[in-house]
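If you read the protein sequences in the order shown, they are chains A and F. Going by the numbering used here, 58 is the number at position 58 of the first sequence; the sequence numbering is gapless. Going by the numbering used here, 202 is the number at position 90 of the second sequence; the sequence numbering is gapless.
Everything labelled a hint here was simulated from the structure, so no lab data went into it. For every residue, glycine included, the Cβ atom is placed at its ideal position computed from N, Cα and C. Worth double-checking, as some hints may not be accurate.
[As the list claims (entries may be wrong)] From chain A, some residues computed to sit far from chain F (all C-beta separations above 12 Å): (1) V4; (2) Q6; (3) V12; (4) G53; (5) Y64; (6) K71; (7) E105.
[To be verified] Among chain A residues calculated to face chain F with C-beta under 8 Å, some are: (8) P8; (9) F10; (10) A24; (11) Y31; (12) M41; (13) L43; (14) G51; (15) F90; (16) E100; (17) F103; (18) L112.
[Said to hold, decoys possible] Straight-line C-alpha distance at most 20 Å; calculated DMTMM-like pairs for lysine to aspartate or glutamate: (19) F:K161 / F:E176; (20) A:K14 / A:E59; (21) F:K170 / A:E100; (22) A:K70 / A:D26; (23) F:K181 / F:D166; (24) F:K161 / A:D62.
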Amino acid sequence: NAGVTQTPKFRVLKTGQSMTLLCAQDMNHEYMYWYRQDPGMGLRLIHYSVGEGTTAKGEVPDGYNVSRLKKQNFLLGLESAAPSQTSVYFCASQGSGLRELFFGEGSRLTVL
Amino acid sequence: AQSVAQPEDQVNVAEGNPLTVKCTYSVSGNPYLFWYVQYPNRGLQFLLKYITGDNLVKGSYGFEAEFNKSQTSFHLKKPSALVSDSALYFCAVRDVSGGSYIPTFGRGTSLIVHP
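Kindly produce the complete structure, drawing on both the sequences and the hints.
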């Protein structure tokens, strides 16, 4: 049982390039989240999804897009990367009810 | 609205001594409260949660937390700290009465346990 898997784990981009981060969960969870973690800022919610085919904006959505075409996958896209998007990105999933979040191991993105 | 505060950026404690990591919250209704731990270069791991019932909640790795409604606090505790407990700790809250399912996280507290 892999839980929540994020790919890639590391990536270096040049300003203006695009990329997609993939999050996959095998727990049949309804809710999925994308966070970014920056020093001194804690976790900030980028986008989230309450089910297949649905997405919504979080606290810091600008510059990011998401899609959830399949229940188990939640993709985070950067159309035109900026240095301000250098961060560690975490995906999390959550079952319905009173459940805690399950986190992936993170994806470290550097934008030059 | 829901919010959570971790008033200490860093907590230092000697191995074998008791430790406390503080968390206070604000919700309109009833809170669900969570603690997570993050080891270096890893994702967050769930430690324990308060939903209802006993105010003292026991979790993984010997940690426990005490829910105090009057002080709106949910402090994380351990009777005897280990060097391996050194990590980043996050408190999170959900206001269940408001129908929210999205938790709000604190900024994290770095726990350093000295040998």
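Against the structure, the hints come out as follows:
1. V4: At about 8 Å from chain F, V4 of chain A fails to clear the 12 Å cut-off, so the statement is violated.
2. Q6: violated (8 Å)
3. V12: Non-interface label on V12 of chain A holds, nearest chain F Cβ at 17 Å vs cutoff 12 Å.
4. G53: holds (18 Å)
5. Y64: The assertion about Y64 of chain A holds, with a minimum of 17 Å to chain F.
6. K71: holds (16 Å)
7. E105: Per Cβ check, E105 of chain A is inside 12 Å of chain F; nearest 5 Å; violated.
8. P8: This interface hint is violated because 15 Å lies over the 8 Å limit.
9. F10: violated (11 Å)
10. A24: Not OK, violated: A24 of chain A not within 8 Å of chain F, min 14 Å.
11. Y31: holds (7 Å)
12. M41: holds (7 Å)
13. L43: holds (4 Å)
14. G51: violated (12 Å)
15. F90: Result: holds, 6 Å to nearest chain F Cβ.
16. E100: holds (4 Å)
17. F103: holds (4 Å)
18. L112: With Cβ-Cβ at 21 Å, over 8 Å, it is violated.
19. F:K161 / F:E176: This hinted pair holds, its Cα atoms lying about 9 Å apart.
20. A:K14 / A:E59: violated (25 Å)
21. F:K170 / A:E100: holds (15 Å)
22. A:K70 / A:D26: This hinted pair holds, its Cα atoms lying about 12 Å apart.
23. F:K181 / F:D166: holds (12 Å)
24. F:K161 / A:D62: It is violated: about 32 Å lies between the C-alpha atoms, which goes past 20 Å.
The structure shown violates the earlier hints numbered 1, 2, 7, 8, 9, 10, 14, 18, 20 and 24.
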